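Given chain V, put chain P in place with the hints provided.
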Amino acid sequence: MNTRRLILLGFIAVLAALPLLNLLPEEHPLHVSDFLVSIIGKWICYAILALALDLAWGYAGILSLGHGAFFALGGYAIGMHLMRLIGPRGVYGHPVLPDFMVFLGYTELPWYWLGFDWFIFAFAMALIVPGLLAGIVGYLAFRSRITGVYLSIITQALTYALMLAFFRNDMGFGGNNGFTDFKELLGMPLNSGHTRAILFYASLVALILVFLMCGALTRTKYGRVLTAIRDAESRVRFLGYDTTRHKLFVFVLSAMIAGLAGALYVPQVGIINPSEFSPGNSIEAVVWVAFGGRGTLVGAVLGAFSVNALKTWLTSVAPDLWLIVLGCLFIAVPLLLPKGLIGLIRRRGGAKP
Amino acid sequence: MLPSLLLRCLGLFFGLVLLLSPARAQDFDALLPGLAGGFAQQAETVERLGALGDPRAIPLLQALADARLLRMADGRIVAQEGAAPPEGASLIRINNRVRVALRGALGRLQLVSPEPAERLRAADAILRNRSADDIPLLEAALAREPRADIRARMELALGGARLASAEQAAKRAGIATLGASSSPEARNLLLAARAANPDLTAEIETAVAAIDRRLQMRRAAETFFQGLSLGSVLLLAALGLAITFGVMGVINMAHGEFVMIGAYVTVVVQEICRDIPALQPYALPLAIPAAFLVTAAIGAAMERGLIRHLYGRPLETLLLTFGVGMVLQQVVRLTFGAQNREVISPDWMMGTLILPGGVAITQNRAWIILFSIAVLLATLAAIRLTRFGLEMRAVVQNRRIAATMGIRTGRVDAMTFAFGSGIAGLAGVALSQIDNVSPNLGTGYIIDSFMVVVFGGVGSLMGTLIGAFTLGLVNKVLEPYAGVVLAKVLLLVGIMLFIQRRPKGLFALKGRAADQ
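Heads up: the sequence lines are chains V and P, in that order. The opening residue of the first sequence carries number 1 in full-length UniProt numbering; numbering runs sequentially from there. The opening residue of the second sequence carries number 1 in full-length UniProt numbering; numbering runs sequentially from there.
To be clear, the hints were calculated from the coordinates, so they are not data collected in a lab. Any given hint could be a false lead.
Per the computed footprint, the stretches of chain P lying under chain V, defined by three or more beta-carbons under 8 Å from a beta-carbon of chain V, are [what the hints assert, rightly or not]: (1) 306 to 313; (2) 440 to 454; (3) 484 to 496.
No experiment lies behind these values; they were computed from the predicted model shown. By construction, the Cβ of each residue, glycine as well, lies at the ideal position given by its N, Cα and C atoms.
If we strip away everything but chain V, and leave its shape as in the complex, we get:
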């Protein structure tokens, strides 16, 4: 137990040191490149998304193929705020409207853009909108006892529908170009190293907080009930638990965490467009969790980091092979690694799960 804690703390310490090392002069031997910092900042956001998915799938048995959509909605909410901050610095120089709206001939801001010039409002929306959507879909689905693959297919259809909708130019979200060309956030220019470091730390803190929260949640009695629902829902229902409400709560919470991940992701990558909604993204997140080990929070984080590290390495070395390797991961994990990397490590180590 102690060694595990030590490894975890060491991991966090290494992550925390990266932005500081980035601030060292370039000729210094310990200098870390901008690229690496931004890449790892992205992975931290992916790890938060993986935690969200693991909470729903690993602990409550809800295999959502739509978490990429919650992630993207969170990203769009922050993206709208970033667009509002551009102001007259856009290509068309319009003081109020973003470039794409001027281009499409809008004369005023659509009503659903109101309030997004406040960071707090946008940040709240990044959590509330995914939560609300998950609440509606989850309520409809869990109430009529849609489970298993049916639920997966419905969440995938939801993602697909959102993607189609966001690709439309007249939705007021920039059509297929989405949002980009951001300038600043909370008064800090987005292209400076300091801002990057701050965003990196914000993501890291969010990851740690989400990790601790999920850990605490799954250890409570509520978490035990969730696991029981995952394993035998009808028995739990016959014991008198309102399984619909339990699942709904965890689904909404999970969607909000995914929204948070998206909100941290967009300022770091500087772009959000409808391809984030593509069903492939959501299901890629599923493989992070499955590869790391579903039902273990460490596994979700580990999976997100390792699969994305593999992806980054492979897409630079042999870009054509990446999809084949990812596909083989999908095939190999259920057949060979049903408990994921964590299961493998534990079996080797002889420790009990």
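Frame of chain V; chain P shown alone:
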């Protein structure tokens, strides 16, 4: 008795033809020298030739207009061939008056030209500058016009010409002609004539209303056909899924890739057939069994090699098959390239079919509707009538008892999966005729197919049939109002709400899948 009557009739007919044609031929020959006369005689001759309606006059008049008509030394009139006129021939010259006459005559003669495209162009030209002078000409041309689409244009032109006449009776006849057609152009002609003819307003309005009614019917029929066509595509894509998902309880996320591979098999078969001229016309019929066998083999290999180990774990199967799909898609992309491959449809699938009432349907889509129904019937027959179908149903109902009865359940699983995959390959053959053959051909249909299966009821072929056509029709009915994308979004939302009421779909079925 009867044969002799027939003979006599035939004889009478040929006699009439013999009687008539020399007379016309004499007219034609007698008129020709007039082309070389004075300008006034030339113009008159041109007009008479035009009114004669003999297609032979077209090249001569054309040559006259282009200053290529020659009078030979022996008095014959011929069109110049080659660069320079031959010895002793003189070029026939014309003036503006003759030119005007020529333009009119050529326009009229084109109505009887042997070239359909030219006849159509002539009808259009007459329609553009409607004049009552053209009425007898159009009537004559209409009487001998074999093609329905050109007849329709000519009738429109005739209606317009009659409407332009000064006589009240001719105008009424024109309104009737236009009112009997069902084209928006006729409607516009009538509306334009309404202001100029206040005394005919009532009749014009009745005619316009009749056209509107028919146009509406036609639009409805065309929407219905498009819905049917989309539905049949969905049916093909979903039918295999209904077997693997519905009957076996396996979520095959690689189904879309099987469809895509079926389309690529069509491309490959076509390329092989291109090198062997004897096989060329049969490329598409050959692609059908080839696509079935290739995808069925891949499906069988996938079931025996991978899925077999995961029965009873549907979520893991979903991930695994998604991975297989991803690998297949990338392998195809690396083999064939990411760009679209061209599939040439055979002649009998090209073109547009005009049904009575002017309903236009594209021929390839009509064939796909027939094909999907044939595949559905074959599937039903395989399940209901063959030994394999019987064993399959037995395994689905009770695996252990079926095994006890001596059915090799593992083999039945593999064959069922291969069967479902093979149908996906057939869908690929059909889709290659209407869609771009590219590595992500299948992804566009897979979510729709899942919706069809979930909506129709898992495991029910009837549900798949009704689900596919319902979704196809609803989609096409919504499209004009909501646009393509929004129609799809609305449909997805509608299905999610529908599943609230009936979580098991339209036709719930019992079986291994029903327990999950």
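Hint-by-hint comparison with the structure:
no. : hint       : verdict
1   : 306 to 313 : holds (count 4)
2   : 440 to 454 : holds (count 4)
3   : 484 to 496 : holds (count 8)
Hint compliance for this structure: no hint is broken.
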